[in-house]
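Residue-level listing of the chains:
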Amino acid sequence: MPIDLNILIGGAAGQGVHSITTPLAKSLVRAGARVVVVQDYQSRIRGGHIFNLLRVSDAPLAGPREGVDLLVALNQETVTLHLPELSPSGFLIYDADLVKEVPAGVAALGLSLEELLPGTKAGEIAVNAGASGAILGLLDVPVTGLAQMLAESFAAKGEEVAGWNKQAATRGWELAQKFPHPVSLAGLTPPAPPRLLLSGHEAVAMGALMAGLTFISGYPMTPWTSLFNAVAQRSLKYGVVLEQAEDEISAINMAIGASYAGARAMTGTSGGGFCLMTEAVGLATMTETPLVVVVAQRPGPSTGLPTRTSQGDLQFVLWAGQDDGPRAVLAPGSPAQGYALALKAFDLAERYQLPVFILTDQYFADSQHTCRAEDFPARRIPFALDLKPAGGVYERYALTQSGISPRRLPGFGPELVVADSDEHTPDGHLTEDLGVRVQMHDKRLRKLTAMAGEMRGLTTAGDPEAPVVLMCWGSSLGPVSEAVSRLQAEKVAVRMVHLSELWPFPREAVMKALQGAQKLVVAEQNASGQLARLLRQETGLTATQAVRRYDGRPFTPEYILRGLAGVV
Amino acid sequence: MLPLSLYDSIESAWCPGCGNFPMLKAFKQALAELEIRPQDLVVVSAIGQSSKFPHYLKCNTFNGIHGRALPVATGIRLANPGLKVVVTVGDGDQYGEGGNHLLAAFRRNPDLTLVVHNNQIYALTKGQASPTSDQGTKDTLHPQGVPYPPLHPLALAVAQDCSWVGRSFAGMPQHLTEMYKKALTHKGMAFLEVLQPCVSFNKINTYEWYRQRVYEVETRPDYAPGDELWAYRVAKEWGERIPIGVIYLNPRPTLEESFPQLKDGPLAGRLPERPLAELLAEFS
Ligand SMILES: Cc1ncc(C[n+]2csc(CCOP(=O)(O)OP(=O)(O)O)c2C)c(N)n1
Ligand code: SF4
Numbered sequence: 001m002p003i004d005l006n007i008l009i010g011g012a013a014g015q016g017v018h019s020i021t022t023p024l025a026k027s028l029v030r031a032g033a034r035v036v037v038v039q040d041y042q043s044r045i046r047g048g049h050i051f052n053l054l055r056v057s058d059a060p061l062a063g064p065r066e067g068v069d070l071l072v073a074l075n076q077e078t079v080t081l082h083l084p085e086l087s088p089s090g091f092l093i094y095d096a097d098l099v100k101e102v103p104a105g106v107a108a109l110g111l112s113l114e115e116l117l118p119g120t121k122a123g124e125i126a127v128n129a130g131a132s133g134a135i136l137g138l139l140d141v142p143v144t145g146l147a148q149m150l151a152e153s154f155a156a157k158g159e160e161v162a163g164w165n166k167q168a169a170t171r172g173w174e175l176a177q178k179f180p181h182p183v184s185l186a187g188l189t190p191p192a193p194p195r196l197l198l199s200g201h202e203a204v205a206m207g208a209l210m211a212g213l214t215f216i217s218g219y220p221m222t223p224w225t226s227l228f229n230a231v232a233q234r235s236l237k238y239g240v241v242l243e244q245a246e247d248e249i250s251a252i253n254m255a256i257g258a259s260y261a262g263a264r265a266m267t268g269t270s271g272g273g274f275c276l277m278t279e280a281v282g283l284a285t286m287t288e289t290p291l292v293v294v295v296a297q298r299p300g301p302s303t304g305l306p307t308r309t310s311q312g313d314l315q316f317v318l319w320a321g322q323d324d325g326p327r328a329v330l331a332p333g334s335p336a337q338g339y340a341l342a343l344k345a346f347d348l349a350e351r352y353q354l355p356v357f358i359l360t361d362q363y364f365a366d367s368q369h370t371c372r373a374e375d376f377p378a379r380r381i382p383f384a385l386d387l388k389p390a391g392g393v394y395e396r397y398a399l400t401q402s403g404i405s406p407r408r409l410p411g412f413g414p415e416l417v418v419a420d421s422d423e424h425t426p427d428g429h430l431t432e433d434l435g436v437r438v439q440m441h442d443k444r445l446r447k448l449t450a451m452a453g454e455m456r457g458l459t460t461a462g463d464p465e466a467p468v469v470l471m472c473w474g475s476s477l478g479p480v481s482e483a484v485s486r487l488q489a490e491k492v493a494v495r496m497v498h499l500s501e502l503w504p505f506p507r508e509a510v511m512k513a514l515q516g517a518q519k520l521v522v523a524e525q526n527a528s529g530q531l532a533r534l535l536r537q538e539t540g541l542t543a544t545q546a547v548r549r550y551d552g553r554p555f556t557p558e559y560i561l562r563g564l565a566g567v568v
Numbered sequence: 001m002l003p004l005s006l007y008d009s010i011e012s013a014w015c016p017g018c019g020n021f022p023m024l025k026a027f028k029q030a031l032a033e034l035e036i037r038p039q040d041l042v043v044v045s046a047i048g049q050s051s052k053f054p055h056y057l058k059c060n061t062f063n064g065i066h067g068r069a070l071p072v073a074t075g076i077r078l079a080n081p082g083l084k085v086v087v088t089v090g091d092g093d094q095y096g097e098g099g100n101h102l103l104a105a106f107r108r109n110p111d112l113t114l115v116v117h118n119n120q121i122y123a124l125t126k127g128q129a130s131p132t133s134d135q136g137t138k139d140t141l142h143p144q145g146v147p148y149p150p151l152h153p154l155a156l157a158v159a160q161d162c163s164w165v166g167r168s169f170a171g172m173p174q175h176l177t178e179m180y181k182k183a184l185t186h187k188g189m190a191f192l193e194v195l196q197p198c199v200s201f202n203k204i205n206t207y208e209w210y211r212q213r214v215y216e217v218e219t220r221p222d223y224a225p226g227d228e229l230w231a232y233r234v235a236k237e238w239g240e241r242i243p244i245g246v247i248y249l250n251p252r253p254t255l256e257e258s259f260p261q262l263k264d265g266p267l268a269g270r271l272p273e274r275p276l277a278e279l280l281a282e283f284s
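If you read the protein sequences in the order shown, they are chains E and R.
Counting in my numbering, the first sequence runs from 1 upward without gaps.
Counting in my numbering, the second sequence runs from 1 upward without gaps.
Here chain E stands alone, though its shape is the one from the complex (with noise of 0.2 Å):
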């Protein structure tokens, strides 16, 4: 049996649970050990009850899971909330300072700053290094890796932070050195070459950049920030040009225009951002302007819950704009398929002159997760335009069978691009010439037929025939697929098939992927069954049952698999 340790860190906002998540995360990696970080907050800054989760494991990890084997408790509020949630075997770790009554029966270890780091000011870092060291100890992983992170970490603080919290770390150590523990670690090996531990958003920025992103502009909106964070921080470096503007019609319409002029340009949002952008994602679509737009999801409607996460906006994104527009919608299930939709996006968006959303959620976008460097392969996305002046006559929207019209930059030679928000001719001009309507309408929709031939973005997993199909989408690919293997590993006949390129919709793989099909089960987290509903509109299949959580929380396994009773 493969370990299998959850980890829960939880304490007021601002008493530092991702100073403990955070380097103890990274020298788990660096071990060898799988993680997989599952952030849980409210929307504020300081109080309130906020947690991580830490999934480790000795093999690969799909998300995380429920129940707590080791918990850290911060606060009195955390060991009253989570400690039902321990299992029998499980363990505490709390700030002795502040947590007075522990349950007995439980094994625990209570720090303080006394006892951590005696004689100093040093203030709530000792518990949080000391319960990381405390941690590793209990596993029986060397601190020395912990330790030194730390230390670096803090050089910025000045010698005295940097050095309590290596003092702290190796003392909250050697204190749960003295306890048994049912789970060591001790016998995981440093990876060659190194894993990463990477979120959702991350590697979306990565493969944003690596795609050849030059422009991007925003406004922040959790949980759509931390992607452009994740860029901001690099944006010098890689010389991107970024701006955050005054609101999210100015962002989207910045971008377009950055695109017009030949910039490889992104824009994203959440929820009420993207209400805010639908008018500008028609002018996109009119003036035939690429653009990719990441569209983080979480609760609504309205402001709803803004820091949790939720599968609400795909039916909203896959029509949002006046008219029939053509488009393309991708939904990374992973940091991978985050890399890889975030190269795909760009490429699309260039090559058919188009709106590309990328549709990411709070979940996907901050849980962090164990990979390997191969699972980001490099690549680059070559011009699909041409800046040599052509000569002779030019129109921005000649009418070709493709639907695709020769796309020139201003300024790039004497041909000279006029783009229209109005319905207009070939060159580029408003008309109110009906029959050119139809035929530019018609042209624009005719990027769809090609387009659809490019959607994959099919994982299927378990036994192929199986009769019970579980489906979903997006973030749900974690959770989903541990469901299906433990089902498997119970010799129940099931399969997945999750999709991550939604738009086009793939009509001829889906149906391929749904033969034998006797119980439909769609997975999914909103309450109406939006991608239920989509696959009946484009296949005429229609789901038998359905699993949905609209809470806040991700799926887990559990989850999946409660829903299933009485399915399977």
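By construction, these hints were calculated from the structure, which means they are not laboratory data.
Note that CB positions come from ideal geometry on N, CA and C, so glycine has one too.
Each hint should be verified, as a subset may be incorrect.
Below, a list of computed lysine-lysine pairs in the PhoX-like style, where the Cα atoms sit at most 25 Å apart [as the list claims (entries may be wrong)]: (1) E:237 x R:58; (2) E:388 x R:58; (3) E:388 x R:126; (4) E:388 x R:84.
Derived Cβ-Cβ restraints for the label pairs, each shown as a range [claimed, not checked]: (5) R:199 x E:387: 43 to 49 Å; (6) E:324 x R:173: 43 to 49 Å; (7) R:241 x E:439: 49 to 55 Å; (8) E:301 x R:199: 42 to 48 Å; (9) E:434 x R:222: 57 to 63 Å; (10) E:161 x R:275: 33 to 39 Å.
With chain E held as given, fit chain R with the ligands onto it using these hints.
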């Protein structure tokens, strides 16, 4: 000087007598005199009668959506600072729908020219009041008259440190041409408001109405466009006397200058070398 015919495009659909005609003519004159070639120029507009302007001019054009020309133009400048960028929009468009972008553009100071055709009315939607309609103006939506005073866009521009602020009048072609030339050669954001009579829907603010009121601000003995408080007072002047000319001059660094990424020229055609190994190290 370049030939004026260089800028000829399709025929316009404006009403005979519209103030947009002299504006188009003076603009072509200014371009020709400054020898700005059509291929080096992008005229960005939004939605309204005035926003049809770029269609009637031979140049690169981006005709966007209502109120949003400035963000598009800013994006173009940030992608290719080699292009001459001009924004031509209406008062309803820029002061109503696009007000937030106007405030942001004043702060950013992109190197572009913003020309607002101020006919104190929404023309394309057939005559509703605009943010610059005078108090009491009656229209279909305000049968009792607009209950509040107009916006003061020029004063707003001064207050927000716009680097060049001026006004002209479509009924004075020579003044207009000179003002276009000054705005087009200014480095940074030049905000030119042009009083543009709408002969179909605005029966109050006619050529005659404007002609009786406008005066050339440079003739004032206290003319001091570099003085913010002076400029602010003059910018707020509206009623019996309406100043035209350069009202505020405030040279300051442009938006584009704050991006070292743009030192190597346009973003177009850049396929930056981003070694994967370096990216992986960066993100892990
Ligand atoms: C989002 C949106 N709202 C409303 C309109 C309708 N509309 C078109 S032009 C216009 C006002 C135009 O007035 P102005 O900007 O003053 O230009 P003018 O026609 O007077 O030159 C409006 C409200 C629109 N096209 N888009
Ligand atoms: S309606 Fe007014 S603004 Fe429009 S073209 Fe006619 S006169 Fe000009």
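We went through each hint and held it up to the structure:
Between residue 237 (chain E) and residue 58 (chain R) the CA atoms are separated by roughly 39 Å; this puts the pair beyond 25 Å, and the hint is violated. Only pairs whose Cα atoms come within 25 Å are accepted, and residue 388 (chain E) paired with residue 58 (chain R) is accepted, the gap being roughly 20 Å. Distance check on the hinted pair: residue 388 (chain E) and residue 126 (chain R) sit about 44 Å apart at the alpha-carbon level, beyond 25 Å; violated. Proximity of residue 388 (chain E) to residue 84 (chain R) is assessed by CA-CA distance (about 20 Å); at most 25 Å being required, the pair is judged to hold.
A hinted range of 43 to 49 Å holds for the C-beta pair residue 199 (chain R) and residue 387 (chain E), which are about 45 Å apart. The given range of 43 to 49 Å is respected by residue 324 (chain E) and residue 173 (chain R), whose C-beta atoms sit roughly 45 Å from each other. Between residue 241 (chain R) and residue 439 (chain E) the beta carbon distance is about 53 Å. The supplied range of 49 to 55 Å therefore holds. For residue 301 (chain E) and residue 199 (chain R), the hinted distance range of 42 to 48 Å is satisfied, since their beta carbons lie about 46 Å from each other.
Taking 57 to 63 Å as the suggested C-beta distance range, the pair residue 434 (chain E) and residue 222 (chain R) conforms, at roughly 58 Å. Evaluation of the 33 to 39 Å hint for residue 161 (chain E) and residue 275 (chain R) yields a pass: the beta carbon distance comes to about 34 Å.
Against the hints set out earlier in the document, violations occur for numbers 1, 3.
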